[in-house]
Amino acid sequence: MNISLIMFLVFIAVTLAITYWASRRSAGSSAYFAASRQITGWQNGIAVAGDYMSAASFLGIAGIIAFQGYDGFLFSVGWLVAYLTVLLVIAEPLRNAGKYTMADVLAYRLKPRPVRAMASLSTLTVSTFYMIAQMVGAGTLVKLLLGGYVTYNQAVIGVGILMIVYVVFGGMLATTWVQIIKAILLMAGTIMLSILVMAHFHFSFGQFFGAVGHVTYHDAKGAVVVQDFLQPGLRYKPPYGPLELISLGMALIFGTAGLPHILVRFYTVPDAKTARHSVVWAMVLIGSFYIMTTFLGFGAATIVGPDFIKGHGGTNMSAPLLAQALAGNVFFAFISSIAFATILAVVAGLTISATTSFSHDFWTNVIHNGVERKSGEEVLVARISAFVVGGVSIALAIKLQTANVAFLVALAFAVAASANLPVIVLSIFWRRFNTAGAVAGLAVGLLASIGLILVSPSLMGIDPPTVTGAARHLIQAKAWFPLENPGILSIPLGFLGAIIGTLISSEPTSQEKFNELLVRSNTGLGAEKATAH
Amino acid sequence: MANTAQNLEIVKPGQEPAQSQSVWDRIAASREFQDLIAIKKTFIVPAFIFFLVYYFALPVLVGYAPKFMAMKVIGQVNLAYLFALSQFFVAWIIAALYVKAANNFDRLAKDILDKTGKGDK
Numbered sequence: 001m002n003i004s005l006i007m008f009l010v011f012i013a014v015t016l017a018i019t020y021w022a023s024r025r026s027a028g029s030s031a032y033f034a035a036s037r038q039i040t041g042w043q044n045g046i047a048v049a050g051d052y053m054s055a056a057s058f059l060g061i062a063g064i065i066a067f068q069g070y071d072g073f074l075f076s077v078g079w080l081v082a083y084l085t086v087l088l089v090i091a092e093p094l095r096n097a098g099k100y101t102m103a104d105v106l107a108y109r110l111k112p113r114p115v116r117a118m119a120s121l122s123t124l125t126v127s128t129f130y131m132i133a134q135m136v137g138a139g140t141l142v143k144l145l146l147g148g149y150v151t152y153n154q155a156v157i158g159v160g161i162l163m164i165v166y167v168v169f170g171g172m173l174a175t176t177w178v179q180i181i182k183a184i185l186l187m188a189g190t191i192m193l194s195i196l197v198m199a200h201f202h203f204s205f206g207q208f209f210g211a212v213g214h215v216t217y218h219d220a221k222g223a224v225v226v227q228d229f230l231q232p233g234l235r236y237k238p239p240y241g242p243l244e245l246i247s248l249g250m251a252l253i254f255g256t257a258g259l260p261h262i263l264v265r266f267y268t269v270p271d272a273k274t275a276r277h278s279v280v281w282a283m284v285l286i287g288s289f290y291i292m293t294t295f296l297g298f299g300a301a302t303i304v305g306p307d308f309i310k311g312h313g314g315t316n317m318s319a320p321l322l323a324q325a326l327a328g329n330v331f332f333a334f335i336s337s338i339a340f341a342t343i344l345a346v347v348a349g350l351t352i353s354a355t356t357s358f359s360h361d362f363w364t365n366v367i368h369n370g371v372e373r374k375s376g377e378e379v380l381v382a383r384i385s386a387f388v389v390g391g392v393s394i395a396l397a398i399k400l401q402t403a404n405v406a407f408l409v410a411l412a413f414a415v416a417a418s419a420n421l422p423v424i425v426l427s428i429f430w431r432r433f434n435t436a437g438a439v440a441g442l443a444v445g446l447l448a449s450i451g452l453i454l455v456s457p458s459l460m461g462i463d464p465p466t467v468t469g470a471a472r473h474l475i476q477a478k479a480w481f482p483l484e485n486p487g488i489l490s491i492p493l494g495f496l497g498a499i500i501g502t503l504i505s506s507e508p509t510s511q512e513k514f515n516e517l518l519v520r521s522n523t524g525l526g527a528e529k530a531t532a533h
Numbered sequence: 534m535a536n537t538a539q540n541l542e543i544v545k546p547g548q549e550p551a552q553s554q555s556v557w558d559r560i561a562a563s564r565e566f567q568d569l570i571a572i573k574k575t576f577i578v579p580a581f582i583f584f585l586v587y588y589f590a591l592p593v594l595v596g597y598a599p600k601f602m603a604m605k606v607i608g609q610v611n612l613a614y615l616f617a618l619s620q621f622f623v624a625w626i627i628a629a630l631y632v633k634a635a636n637n638f639d640r641l642a643k644d645i646l647d648k649t650g651k652g653d654k
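Protein chains in written order, with my numbering: chain A, 1 to 533; chain B, 534 to 654.
These aren't lab readings, by the way, just hints derived from the structure by calculation. Accuracy of the hints is not assured; some may be wrong.
[Claimed, not checked] Chain A side only, calculated, beta carbon under 7 Å to chain B, not exhaustive:
id, residue
1, 209
2, 232
3, 287
[Said to hold, decoys possible] Within a straight-line C-alpha distance of at most 25 Å, the following computed DSS-like cross-link-like pairs (lysine-lysine) qualify:
id, chain 1, residue 1, chain 2, residue 2
4, A, 374, A, 99
5, A, 310, A, 143
6, A, 111, A, 513
7, A, 99, B, 643
8, B, 600, B, 648
9, A, 237, B, 605
10, B, 600, A, 273
11, B, 648, A, 529
12, A, 99, A, 529
13, B, 573, A, 513
14, A, 273, B, 633
15, A, 221, A, 310
16, A, 513, B, 648
17, A, 513, B, 633
18, B, 574, B, 643
19, A, 273, B, 573
20, A, 237, B, 600
21, A, 529, B, 643
22, A, 273, B, 605
23, A, 273, A, 99
24, A, 513, B, 574
25, B, 573, A, 99
26, A, 273, B, 648
Given the structure is predicted, the values throughout are model-derived calculations rather than measurements. Think of the CB as a built atom: it goes at the ideal place given N, C-alpha and C, for glycine as much as any other residue.
Using the sequences and the hints, build the whole thing.
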């Protein structure tokens, strides 16, 4: 039996045991959606890190750095620094004033039904796009990592079923512990890889960076290239590269604080102070991890080499192949199982945030006017919707097997930054803000992000006839918008929509209730308390 | 409505919901609360602006002055990499300073809550 497969099965067994344990403590809305708000600061910090660092950041970023050097490291920087927005602006007001979702904060001062309906739509959009990207990646990776033991479809179905089981039976508590275990494994694996990389260079940074300065590979035409991989500009070239970098930065800095699966994590702790401490814990882990992508990415470029990686599964296999080159098959299996854990923890987080929003925002508050008709109905609806979300994701991931879905991650961040963030911020800080503004902001941010991605080089372009299949652009015409990341335009549009919508309408009650939100969000008066198990 | 239900949770026995509405306005208008907001602003606004300027300097410089950023500083290591690396430490330092400042916010908020508690009795 394959060593990777054994390690995958061990991880599955442990997480299923946790799910069984959690299932006995998940009765009632607060327990199911927010783990009874009893997760401690450090636990939640690790879980945030586990929720956030996707396979895209573990395998993807190592691959981008291994192939395009320094420019890939710029993703790493943005992914950490974005947490300052979460820390300084979002986490504490959200915990103080909300219950289970970001829409709770909006619904305080604004008309709950239109605002929750739009916020729920936006949440489901972000989660679904992000999920499809993760699931398609999961299918391809698990198939590669297990080396022929499973097909793409089996891998997607397996990941989908596990994520449904975690969320349906274990709720937020099981999801949290899956994320914590994954984050610890990811940190351990990354530290080990980094030490092995440095050991390869006799623990000399001079030798290491010396090698990074002279990476040798064959270009598309077959010519030998020696390239300084610390030099900027290998990925982001003129004329639009610099703007693309700024747009990407904006999407990361403002999008992270609008990602529903990250925001729901702050409801699992007892109070705002703990939420703050959990962001700091998350920043320590996430920052350390992304600094170490230096060793993962440049290590793969120098020790394994882009040529070899290209011939053995492509960019995403950079980190596992580095592990194999440094310490053999057992370590390859260990790193592969970490990638598997990473995928599962993130898709479980996405599923629970989507189902929470559907059940709490849409079912209970939009359709039934905020009244839970029968005790336990909210949780029941969430469990049913987890099956639906899981089933739809499996089906779409199978359907889109050969499609290029990398742009869906950019789209998820763009919607979070352009639709969610503006309305949360304006709702907390602007007295004049009202329902029309929130609905307009969410709608404009959502439509602008989707619209601009549709006409971006991700989907539009003219391919020569030699390009076939998935590599072909969906729309064979010159792109109307030159950037792959729409943030630089869609974020201002989202804010503008929210501001104009507010100014052309009048809603005295939203201004009267501003004091309530202001006092609640700044003092924690009346905040949701932790509940006993 | 969910909002009404949440309001009721903080209403002390013997109080009418109508009065609890004014509790928010009363606290919001108090000098202690105004001070809390002012003190928070004096930290958060400059910190947030500094972090935005420092962060966006990276893509702007890398994008528009790649030759300058490719300047080697220590051996093979160039300015671009060192500036990117510094972002992590600056982010951690801002976070640490915020946590320190926030302990003071917590104290002021607790004073306000204690006073409100007494005022309601």
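Evaluation of the provided hints:
1. 209: Result: holds, 4 Å to nearest chain B Cβ.
2. 232: holds, 5 Å
3. 287: holds, 5 Å
4. A:374 x A:99: Roughly 19 Å separates the two Cα atoms, so the pair holds.
5. A:310 x A:143: holds, 17 Å
6. A:111 x A:513: holds, 11 Å
7. A:99 x B:643: Holds, at roughly 21 Å.
8. B:600 x B:648: Between residue 600 of chain B and residue 648 of chain B the Cα gap is close to 60 Å, so the pair fails against 25 Å, i.e. violated.
9. A:237 x B:605: Between residue 237 of chain A and residue 605 of chain B the Cα gap is close to 20 Å, so the pair holds against 25 Å.
10. B:600 x A:273: Given that 25 Å is the threshold and the Cα spacing comes to 45 Å, the pair is violated.
11. B:648 x A:529: holds, 20 Å
12. A:99 x A:529: With a Cα-Cα distance of about 10 Å, the restraint between residue 99 of chain A and residue 529 of chain A holds, given a limit of 25 Å.
13. B:573 x A:513: Holds, at roughly 21 Å.
14. A:273 x B:633: It holds: about 12 Å lies between the C-alpha atoms, which stays within 25 Å.
15. A:221 x A:310: holds, 14 Å
16. A:513 x B:648: Holds. Residue 513 of chain A to residue 648 of chain B sits at ~22 Å (cutoff 25 Å).
17. A:513 x B:633: violated, 31 Å
18. B:574 x B:643: holds, 18 Å
19. A:273 x B:573: holds, 15 Å
20. A:237 x B:600: Given that 25 Å is the threshold and the Cα spacing comes to 13 Å, the pair holds.
21. A:529 x B:643: The hint holds at about 16 Å.
22. A:273 x B:605: Distance of about 43 Å is beyond 25 Å: violated.
23. A:273 x A:99: This hinted pair holds, its Cα atoms lying about 16 Å apart.
24. A:513 x B:574: holds, 21 Å
25. B:573 x A:99: holds, 24 Å
26. A:273 x B:648: holds, 20 Å
Hint violations for this structure: numbers 8, 10, 17 and 22, all remaining hints satisfied.
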